[in-house]
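Two chains, two frames, a set of hints: combine them into the complex.
Chains as they are written, first to last, in the working numbering: chain A, 8 to 225; chain B, 7 to 230.
Derived by calculation from the structure, the hints in this document are not laboratory data.
Only a predicted model underlies this, so the values are computations on that prediction, with no experimental measurement involved.
The beta carbon of each residue, even a glycine, is placed where N, CA and C say it ideally should be.
Hints are supplied without guarantee of correctness; some may be wrong.
Residues from chain B that face chain A, not an exhaustive set, calculated with beta carbons under 8 Å [as the list claims (entries may be wrong)]:
1. L70
2. E138
3. F153
4. A157
5. P160
6. L161
7. I165
8. I223
Ranges between beta-carbon positions, derived for each pair [unchecked claim]:
9. B:R34 with A:A95: 55 to 63 Å
10. A:I182 with B:K76: 40 to 48 Å
11. B:T211 with A:I40: 46 to 54 Å
Chain residues, written in single-letter form:
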Amino acid sequence: MIATLFKKEFTLELRRKSVVSGLVLYLFSTAFICYLTFNLRQNLVTPLVWSALFWITILFTAVNSVAKSFIGEKKGRDIYYYSIANPASIILSKILYNFLLCTLLSASGYLLFFLFLGDPIYDKLVFAVLILLTSMGFATSLTLLSSIAAKANNSNILMAVLSFPIVISILLMAIKVTKNCIDGLGWDASWDEMLTLLSINCLVAAVSYLLFPYIWRS
Amino acid sequence: MVKNWWKIVSILLLVYTLIAGFLMSVPRLNIINESIRALYFHVPMWFGMIVMFSVSTIYAIKYLRNPTTKNDVLSVEFANTGLFFGLLGITTGMIWANYTWGSPWHGDPKQNGAAIALLVYLAYFVLRGSVENQEQRSRLSAVYNIFAFAAMIPLIFIIPRMTSSMHPGSGGNPGFNMYDLDSRMRMVFYPAVIGWILLGVWIATLRIRIRKAEEQILELEDYA
Numbered sequence: 008m009i010a011t012l013f014k015k016e017f018t019l020e021l022r023r024k025s026v027v028s029g030l031v032l033y034l035f036s037t038a039f040i041c042y043l044t045f046n047l048r049q050n051l052v053t054p055l056v057w058s059a060l061f062w063i064t065i066l067f068t069a070v071n072s073v074a075k076s077f078i079g080e081k082k083g084r085d086i087y088y089y090s091i092a093n094p095a096s097i098i099l100s101k102i103l104y105n106f107l108l109c110t111l112l113s114a115s116g117y118l119l120f121f122l123f124l125g126d127p128i129y130d131k132l133v134f135a136v137l138i139l140l141t142s143m144g145f146a147t148s149l150t151l152l153s154s155i156a157a158k159a160n161n162s163n164i165l166m167a168v169l170s171f172p173i174v175i176s177i178l179l180m181a182i183k184v185t186k187n188c189i190d191g192l193g194w195d196a197s198w199d200e201m202l203t204l205l206s207i208n209c210l211v212a213a214v215s216y217l218l219f220p221y222i223w224r225s
Numbered sequence: 007m008v009k010n011w012w013k014i015v016s017i018l019l020l021v022y023t024l025i026a027g028f029l030m031s032v033p034r035l036n037i038i039n040e041s042i043r044a045l046y047f048h049v050p051m052w053f054g055m056i057v058m059f060s061v062s063t064i065y066a067i068k069y070l071r072n073p074t075t076k077n078d079v080l081s082v083e084f085a086n087t088g089l090f091f092g093l094l095g096i097t098t099g100m101i102w103a104n105y106t107w108g109s110p111w112h113g114d115p116k117q118n119g120a121a122i123a124l125l126v127y128l129a130y131f132v133l134r135g136s137v138e139n140q141e142q143r144s145r146l147s148a149v150y151n152i153f154a155f156a157a158m159i160p161l162i163f164i165i166p167r168m169t170s171s172m173h174p175g176s177g178g179n180p181g182f183n184m185y186d187l188d189s190r191m192r193m194v195f196y197p198a199v200i201g202w203i204l205l206g207v208w209i210a211t212l213r214i215r216i217r218k219a220e221e222q223i224l225e226l227e228d229y230a
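Looking at chain B on its own, in the form it has when it is part of the complex (with noise of 0.2 Å):
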């Protein structure tokens, strides 16, 4: 129970996240309106991705300086969830976008930047499936993940601030920058965005312990 205090936390501030966003008030923007809700629930997808990728990409740094089966499981299932929570802040993105600027796909920088995003983990994940070695495996896919994060980093923080975008937030449109980001939003967004997080973790935890355990499952196989 000491142990499992931020996965009480993570449920409390998700529960307080669903109630608050819902029937709080919202400041009324032009174009947006209610639709601003989508604040706490798709931008910090975005936040849990990079956080799992990161936390990925750490793990990928330390398999190769220490190569451990666990490293690389703890790598994997980061990259994993990760991926995850691209895909559900690409679909809210989309759901959001239907409502707003008239279609699901807009052709948005940021839109493409995500979308080649989760093709660079959809890509490390067939290399993982192509290598029969399990020690080149982790080897190879360390590499990539590090190699692959590297090259997201452009992608994702530099190019949509050059190009001009309709995404809440930059070009000039209202959204998430410290002058429009009402302080009643913030009351919401900022523990919506850590118990996010702390789902995320929680959701890569509970993966590492059903790989471990499967792992065990098959050596008593063996023995047997």
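With the rest of the complex left out, here is chain A (with noise of 0.2 Å):
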């Protein structure tokens, strides 16, 4: 069932080009603007100013990326899946595709910053460890809460609302840890934040698991 969901997901997306192609350019767009504002003096980009940057961009692509997920969907599909799927594979094949999602826009993000801003990354290794654990965190986090502002009104200003203050430790971790792969520290030096990290995930993916059950039933 979470397959068949998934291969939903990923059929939609792909028929609606118009939506990822979005996204990337927003990701473009302020990727550029950054090297814009940035390229008016030389060697202003130092690595924790990249670093900002670049989470900065990489939260809003996220939040807008996977707010999508069920603020876009329309009224009479809802009824429709409800009738035929549980809401337990709902939720898991929508948290995989998001995951996957922004894993992709993180990579892009991270191509993006080396063309423009130059790559301060000393462990590429680490670095990627950690984006795939952020996209897990923002995939888990932001699905739930996507699915609540849905149903609420101005749905969209609601959703920033709602996930900033909780995808803010998540993104502490990440910062922390990309500053470590500047510094070319190493495994050692980071292995305590990732596993923070995974801790959150798997705390923050238990509990959408459980609650979401309750939102779908509305």
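Structural data, given as structure tokens:
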């Protein structure tokens, strides 16, 4: 069931290519604006500024991309899914799909930053694992919030308000590990933060798995 | 009177806290000096906030299992009181930091964590404000309450312990831990915590009664 729903998300996305290309364009314009602004004077982008810009860009892209997973759905389609699938497989397939989407967007975000603003990252492998973990964190925490926001009025503002305080603990860890990666401290320095990040992800995923049926019922 | 014994206990404990907290002698520690008395007023606010938010989450879970208006009202009002305690905690902390650290907002990990925790619950009230349907509002906010509480655990209990901080009690600074909290201070500190928490419960019950009365007035108006 999860596989079917996952495939459905994928086919729908491929059918509406405008959404994904919109997100990529969003990412591109943000990176480009950063480049244009910081190009005014040489050597303004220190590694820490790079890290701040990178995570701000990724955060906003992630919020926008995950937000559409429920907010974009049509009213009648909800009822149709409700009648054929159980809520657990719906939330799991959405989380899985958003995880994939976030990873892709973060990876392409890194590429764009690499192109425009240079590449201060020393430990590439640690950073790659970090991107995987944060994408997982974004996907798990934002998917449930998107389903809450979809039920309320002015959902786009609500999505931002609800998600930022919750995503902050993930971001704090990410910023710290990014600094370690920039300094080239290797695995040992980032191990604690990675484990914390993984446990936050597990916690949030478990809670969303348990809570989603209650939102779905209404 | 029999049912209200805990309110009297609360008042007595708080009167004791005020008198003993300001008059009893405290250990002389570097930097902190007399401001160590903030322990009796600032720290119990956080204990109170955690207790109020936990109770609120418990009632949110209860609401999801058994959707009644009573569970919803209890959950909201305990969250409200917790938010109030959190605001008081952050204010007392800022007053203390102004004298000890030199500026009210120092960007300390604990300060940031507390501010984010308050943001979470402010978002909770924004969510409640933006859903029209009453039943849906209660259910969505209960879900967010539980979710936010779970997400707050690493923020408040884990991350501040991983980072160095100037806050007393962490990073080798003197403060609340079992080796340097003087036994004279415990005599005031524990009663203070209990007293403040009881006061918080009292505030919450009063607010719940106001809510109930308002609902009854509305019902009567509907009949009329």
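**Prompt:** Which of the listed hints are broken here?
**Reply:** Of the numbered hints given earlier, the structure breaks just one, which is hint 8.
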